[in-house]
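Okay, here's what each chain looks like letter by letter:
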Amino acid sequence: MIDLHEMVRRLYPLPRSLTGDGVRETLRQIARDIPLEIHEVPSGTPVLDWEVPLEWTIRKATIRTLSGDKIVDWADNNLHVVGYSQPVNRLVSRAELARHVHTLPDLPDAIPYRTGYYAQSWGFCLSHSHWSSMTDEIYRVYIDSDLVSGSMSYGEAFFPGNSEDEIVVTAHVCHPSLANDNLSGIAVATALAARRNLSGPGRLGLRILFLPGTVGAITWLAHNEFKLDRIKHGLVLTCIGDTGPFHYKQSRSNAPIDRAVAHVLNNGEHEFEIRSFEPYGYDERQFCSPGFDLPFGCLMRAVHGNFREYHTSLDDCAFVTARALTESYQVVTRLVDLLDANRKLLRQDGRGEPQLGRRGLYRALAGQADAGGATQMDLLWVLNLADGNHSLLDMAERAKIPFARLDAAAVIAEQHGLIREVD
Amino acid sequence: MIDLHEMVRRLYPLPRSLTGDGVRETLRQIARDIPLEIHEVPSGTPVLDWEVPLEWTIRKATIRTLSGDKIVDWADNNLHVVGYSQPVNRLVSRAELARHVHTLPDLPDAIPYRTGYYAQSWGFCLSHSHWSSMTDEIYRVYIDSDLVSGSMSYGEAFFPGNSEDEIVVTAHVCHPSLANDNLSGIAVATALAARRNLSGPGRLGLRILFLPGTVGAITWLAHNEFKLDRIKHGLVLTCIGDTGPFHYKQSRSNAPIDRAVAHVLNNGEHEFEIRSFEPYGYDERQFCSPGFDLPFGCLMRAVHGNFREYHTSLDDCAFVTARALTESYQVVTRLVDLLDANRKLLRQDGRGEPQLGRRGLYRALAGQADAGGATQMDLLWVLNLADGNHSLLDMAERAKIPFARLDAAAVIAEQHGLIREVD
Amino acid sequence: MIDLHEMVRRLYPLPRSLTGDGVRETLRQIARDIPLEIHEVPSGTPVLDWEVPLEWTIRKATIRTLSGDKIVDWADNNLHVVGYSQPVNRLVSRAELARHVHTLPDLPDAIPYRTGYYAQSWGFCLSHSHWSSMTDEIYRVYIDSDLVSGSMSYGEAFFPGNSEDEIVVTAHVCHPSLANDNLSGIAVATALAARRNLSGPGRLGLRILFLPGTVGAITWLAHNEFKLDRIKHGLVLTCIGDTGPFHYKQSRSNAPIDRAVAHVLNNGEHEFEIRSFEPYGYDERQFCSPGFDLPFGCLMRAVHGNFREYHTSLDDCAFVTARALTESYQVVTRLVDLLDANRKLLRQDGRGEPQLGRRGLYRALAGQADAGGATQMDLLWVLNLADGNHSLLDMAERAKIPFARLDAAAVIAEQHGLIREVD
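Protein chains in written order, with this note's numbering: chain A, 24 to 446; chain B, 24 to 446; chain C, 24 to 446.
Hints were generated in silico from the structure; no laboratory data involved.
Treat the hints with care, as some may be off.
As the list claims (entries may be wrong) - With a cut-off of at most 30 Å between alpha-carbon atoms, the simulated BS3-like pairs for lysine-lysine come out as follows:
| # | chain 1 | residue 1 | chain 2 | residue 2 |
| --- | --- | --- | --- | --- |
| 1 | A | K255 | B | K423 |
| 2 | C | K255 | A | K367 |
| 3 | B | K250 | A | K255 |
| 4 | C | K367 | B | K255 |
| 5 | C | K423 | B | K255 |
Unchecked claim - Only part of the chain A face toward chain C is listed, based on derived beta-carbon distances under 7 Å:
| # | residue |
| --- | --- |
| 6 | Q371 |
| 7 | G375 |
| 8 | E376 |
| 9 | P377 |
| 10 | Q378 |
| 11 | W404 |
| 12 | E444 |
Said to hold, decoys possible - Selected chain B positions facing chain C (Cβ under 7 Å, derived; list incomplete):
| # | residue |
| --- | --- |
| 13 | I241 |
| 14 | P302 |
| 15 | Y303 |
| 16 | G304 |
| 17 | G314 |
Beta carbons: idealized from backbone N, C-alpha and C, even for Gly.
Only chain A is shown next, with the shape it has when bound in the complex (with noise of 0.2 Å):
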């Protein structure tokens, strides 16, 4: 399995923003784990009510003494550019630097993450110690970037399953050197396409999207119209590497896939919150936007503006932790499983019990329930919701018995012909 801090830490330093080489590295970098389509759409194209914009490159960004010192120098954390900043080469005094820079005054040794996709402008996010203590009158700022028509680029891989129906997972990949906040999902989403690889097709197809946040999920949408209702389930990845509870925000219209990460969640081992929708956030902002409504929800762990580490420096490879990252691969890969396995079922003659001695199952589940697998009262169960209403899940939440296990006994009374899956 793919060591998902050591990915983090890889990713980390790369420049990425909605556009550009940063984002081309980074999936260049995934593309070495799992096959993976790097899509390229070129600025200006219309997208929906948005078009992509123009792709944004910085080489060089520093602040100077007059003496020719380096202070601020992008190369060291590339938040201390604010996204999307025009190139400049100048003196200016300090009292024009300060309209130009922005710090933290409650978390003075944490550098602020801006961006202003949209503005003409350009900044620099400095800890607000280090320009407490920049007191000279004069200072020489240089920012090499330019602002020209490229493209935007995002990556998708796909894994067909037996049917054309198929589970969506996104991360965003537009977000510099902000752990958490980006590269948290961007490893989890990996691991979860290279497992896929690994494993072959399931009953579903399995689609990961690595997308700019919005104007990449709103290209995605746009260019992809024609098929969204394969879409089964969507999740959106993000936050997911900090060592606090699990937080999952619905979908907006009460899909399956809440039912799947609610009963996960219930029956695993870590603290969680389940939240109801709301039209902020990430990605799901556009796949739950009325005219698509796509069952999409996203699971995070930390919840976006309510952290303190929150779009600061202080999002870094130590705040996200290797377990936490493995907790929440195991979370997800579990719901994936869960959802590949709903099916519905249906016995072959309802009237009635079957006759299970005659037919060798007590045996069957004597084997079982050594393994700690199903019993025979997760058979029963199985075996009288079997009516082509119930999906497995249906029946593990009924029954309040763990989904895996309703699984198990499903298989055993498949084997000996007792149920089928049904449409």
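Based on these hints, arrange chains B and C on the given structure of chain A.
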């Protein structure tokens, strides 16, 4: 605006009953403030299972001592005579009189209100202390009344809306000198009509009915059966002039007005209680009978039968206050405004979020927010839920945001061509 | 009325099993009290996934010492022999005997109940103290039984109603000397049938089934498939003779009987608990299998498996009491009466309230109220909810009024031509 308490005081002395000049004069005074159609329905007219009663007129009523001293005079308080009393003019022993006198021993200074619409008798209502002081052996009782074929009067004001749908608000006008249980509803309903008369048409029509209880409602229903399907919301107003908490009795069939009233009360500053429908109370009994099942609730403060002053001379002009009447008027106007604005909305193109910046929406919102209006989050909710299925009230309930703020956001979005009203 | 406890005592010694003369004699005794059809189904008859078993007969069974002393005799307690034991007649060492003896070390004075329907063996059940006292090296075991082709017996009593719809009540008849877990249900079901036999037809038919567990129910279902759609309500009776609180296990699919039982218990004087359906228990397992999904619940006091006396000789005639049996009988008859009276009603003219006074309804109610019957409010509820959609039980639940009182009000309204029953 109408001086609500002045109106209560002015109408208080009129000798209202199911029929007769007390109601007629009440309607005439209402007609000073609003365009009111006064209907006269002849006695004996069959109306559903009922018929319009004979018209009862009372001119004078006294009890005198043998020496001619007038110790009870209907002219002092029109509660003194049991409604629909037959004429009488003779000497009676105290023992016989006692069988015709109603008092309230537990409230010795209060005169009870009694009526006997279809009985063949006469009676007086006295305070218990008054009656206790009447120790003569013989009294002369005198009631100058008649019960003859005439007509029943009711008032109706209709303000057409931009659609055929309408809101109906009713108050009963058949109680004599009772301020809360009669006049408070009349005053607020009149003010509501006057406000709409000034403001001009809303989305929905507004119909205000001033009806003698039970048979008045049944008569109106019988004469308007062909257009009852236009009634989208109905409200009976009663006992809303006292200073207690609000009580709202829900409609029979879970009508939208129930949620609207709950929203207004939940977002208001007053204590309140929501009560389930029951088939006892005011004219909602008729509107909510199973053959009509109209969406009528009943808004009260004190609940009939549950307050000390109910149906006694203690329910006078001091029991209702100008402030309480104004509060009730405000609750009712907020409710009517909400119902009137409660449209369903649809995004012009609901695929993804619209680009708010390009359209100047952030500027529009900034202006609003300064004035306590809609926020960006309010707008996002409206844009997300404008799928043609959610009414603004649905949105407000789901988002847990006051209706008025979502309405303000909706107006901005409508002005910018992002959403439009749908049926 | 049948003496319930006498019936339990009388049937207690009979050696019931799935098949054989114990069941046959039980049915014959039931047939003394009610018209009962006794069915015999030949061994080997295929019934759904099962087949009717061979008939097991036991005549004698003893354990003797070498000196011929009879220290265990099946004639003393028919629990002493494991059901379906094969014949045996030989000397066995205590060690070998131990492998054929069942005891309950935690209940040293109780004889367990064991059966091995389809096993090829023999066995004895003894109290642990008895077994502990048996210290000889060698014993002579003797079982005179056979297992041959014969038939399985079950009993059926049907009382037609005024419609084709019917209520089915079942009790199992396959347990030997167990009083609560077998005879309590048999006695109450018999008394219920006797009552209907006396009273004559109700609105619904009443069918009482006395069935060997599982294969008896499956046999009845297999032979009556063509008319199962007539079953509107079904109830399995078991363990209802002890003095504990009532337990009602709901049907699989939220059937009306669940609400009816809840209403009866809620308005009764006994403690109770409602339990969700689960696919384990008595014959509701078969009736509620997905291919039938019949509306069957199960009424118990003690819950199988959850009480100390369960499946031991402690479940004897002292464990069930005459009073408890009578209470259970009353609950069941109230339930059946409610189901029988639970008609849907429609106002003849539902537009407005009818004029009660003119029709003498107030007088009719006054008479009732004196007798603790329907009040005016009860009548108003019935008149308001008689819209053709509400059953009387729906009304009772909504109005929070006991069913019997609303039924009394409905009868008055029916007699006065205000409402009528609808389908």
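Quick rundown of the hints versus the structure:
1. K255(A) / K423(B): Holds, at about 29 Å.
2. K255(C) / K367(A): holds (28 Å)
3. K250(B) / K255(A): violated (46 Å)
4. K367(C) / K255(B): holds (28 Å)
5. K423(C) / K255(B): Holds, because 29 Å separates the two Cα atoms, which is no more than 30 Å.
6. Q371: With Cβ-Cβ at 10 Å, over 7 Å, it is violated.
7. G375: holds (5 Å)
8. E376: The hint holds - E376(A) has a Cβ within 7 Å of chain C, the shortest such distance being about 6 Å.
9. P377: holds (5 Å)
10. Q378: Holds. Min distance 5 Å.
11. W404: With a closest approach of 6 Å, the W404(A) hint holds.
12. E444: violated (15 Å)
13. I241: holds (5 Å)
14. P302: This interface hint holds because 4 Å falls under the 7 Å limit.
15. Y303: This hint holds: Y303(B) lies near chain C, its Cβ roughly 6 Å from the closest one there, short of 7 Å.
16. G304: violated (10 Å)
17. G314: holds (3 Å)
Taken one by one, the earlier hints fail for this structure at numbers 3, 6, 12, 16, listed in ascending order.
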